[in-house]
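**Student:** From first to last, the protein sequence lines stand for chains A and B.
Going by the numbering used here, the first sequence opens with residue 1, and the numbers climb by one from there.
Going by the numbering used here, the second sequence opens with residue 1, and the numbers climb by one from there.
These aren't lab readings, by the way, just hints derived from the structure by calculation.
Some hints here could point you the wrong way.
Chain A is faced by these chain B residues, among others (derived, beta-carbon under 7 Å) [stated by the list, open to error]:
(1) Val98
(2) Gly102
(3) Phe105
(4) Thr109
(5) Gly112
(6) Ala222
(7) Phe226
(8) Pro271
(9) Gln272
(10) Leu276
(11) Tyr280
Facing chain A, a subset of chain B residues (Cβ under 10 Å, in silico) [stated by the list, open to error]:
(12) Val35
(13) Val76
(14) Ser91
(15) Ala94
(16) Leu95
(17) Ala101
(18) Phe154
(19) Gln157
(20) Leu275
(21) Thr288
(22) Leu289
(23) Leu300
Beta carbons are placed, not taken as given, at the ideal position from N, Cα and C, and that holds for glycine.
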Amino acid sequence: MGERARQALPSVLSVLLSLVVCWLLIALTRDADGFTTATAAYLQMLWGGIGDWPTFLGGSPVAVLTRPIGEAAMKAALLTLTGLSVAVAFKVGLFNIGAQGQMLLGALAAAVVGSHVELPALLHIPAALLGAALAGAAWAGIAAALRLYRGVHEVISTIMLNWVALRLVDNWLVVGPLRGVAQAGASITGTAEIHASAALPRLLGDVSRLNLGFPLAMLAAVAVWLWLERTRTGFETRAVGLGDEAARAAGIPVARRAGLAMALAGALAGSAGAVLVLGTEGRYPGTLGAPYGFDGIAISLIGNNHPLGVALAALFFGAIRAGGTRMQLLDVHKSFPELIQGLALLFVAGRLIWLSVLRRRRAPAPVLSAPTAPTPEAPHA
Amino acid sequence: MLEIVTRLLFATLDAAPALVFAALGAVLSERAGVVAVGIEGMMRVGAFCAAVAALTVPTPLAVVGGMLAGAALAAVHAYLCIRWRSDQVVSGIALNLVALAGGTFLLETHYGPNGTPPIQQLTAWDWPALSSVPLLGALSGHAAPTYLALALPFLLQALLTRTPLGLRLRAVGDKPHAVATLGLSVPALRWGAVVGGGLLAGLGGAVLSTTVLDRFEQHTPAGLGFMALAAMVFGRWTPLGAFLAAAFFAFGNALRIGLASSAPGLLELVPQGVLLALPYVLTLLVLTLQGQRSRAPAALGVPYEQESR
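Please work from the sequences and hints to get the whole structure.
**Tutor:** Here it is, written out as structure tokens:
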């Protein structure tokens, strides 16, 4: 088994275990036919995520494939971007719990640039994306500055900043100064509709909501990976994350690397907001609701904080979460995949348990009296 | 005027207990060195289990059930963080996600999407002798949690600062190795603090569904756990400080609600959203001003390893 695979094993096992536990949960909360219902619900989740292949092969139009895939890709794009946001911060040794707030501000910036500025499409989309990235970066920059100059732990500051962003945006800006003007007596909630020139183009036309956001997110994952692995600043960023004392001794500008990485994290989360607004919502809705920023924490950790792992985890959870809507056919709440994701994160958190279990399995059959088997109290992993 | 202040105090005393209990739970856990990001999830299971239990057993007993549920979730946190030295923030966030989605799932399968059926609320106690006195009248007419929330902070403060056990709990959050050299068990002390914190957070959640509301409602506790964290930080990680911060936040909230109905003109000058953001902004400000001198326990978030150092 390669080193890469060994690193990924706890995550894979965690996801599988979570799938099994949640399957049992459906089965055991039903009075009759629990196991059949649970299996049927899982199948619906699958078809809702990767396309309804049985009906397609039975002669249905191609939309039964493209629609679910489009939904999955849309969710995967958002999860990838917020997951990358958390992962980049981890690489420099910071825990970005603030992806949610950064995403909210990015979404708001994209909605404002999309509706208040008039530009040709070729410029409008980049401008809106840039605005969102800058807004997210600025919000994350507050946490970075507090950490670097005042020693405030970023876990606390980003939690607080999430709530400040939520309250200011949802309870003030969107219902107050930035509220869209109702047209022809129709009352609308949220900001004004964005111009068509700012909307991310749909890649498959009307048969799917798959839009430019998905390839952009995948591109971002590859770009972040190349940056971390192949460039000097990326290497220095990882060095700071592995040990800032050693990095400082080696002449790396620790504060600048940390600040830059946190700003990049904010920019990625902000872009997620832009993809949401420019791709599917069309404006900043009355309340954004979707906690993709918090999901990013789960995606990043399940993806082992590796940019490509993040993309993989996001694809998987994007698919099953898109499939969640179809579970309602069997009276399972559409947020059920979030439970799968949460439990998977919980199991990933117990990483040392997995490593200890795996080590025990690999070790030769223990001799009862021999004290050589490594005890879980002193792992050297 | 006095009448208005009395009404405000009454509203504060009615709404504050959940926040106070959760904040005290967070303080207890973090003073022993274990990060309490999972408070929100513990409140949610506490609220859910209390509401479900109250459908069949008397409400006071159901509240105890909610506390135990919060403690059970805290025990998972303790097992992962203390026994397996998992990242405490990750574990806490995972518990929040599980509690959020799990609560929604169980609610949907058993009681429909909106909430559990209504339950018997905890009875409010009237003190006829007090209710006619201005200001003090605000003390009358609350359920038991309110009075407990007024006493518990002092008891916990005394426990932490005046007893050997409190000294050990604080030491285990600042210098666990020093505690170990005394022959005391660091894991046992931390387990106690985390599970105790879970009991309090579960109580906070149970209070939400048995006094503030009369059911478990889908979004409970809607971020109150994070506000409890803010109160803990604002109160410099002490029980009394957290209590005062929580009371201050609750009073501010009562004031905001009061103003929204009685003086809507004032709210056009200062929008609601800005007021709602204020607790978090103030907490950030306090942290910024304190800077390095912040009173966070020294070993907060650091898993304890006997062999390290």
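**Student:** Broken hints, numbered, in rising order?
**Tutor:** 5, 6, 18 and 19
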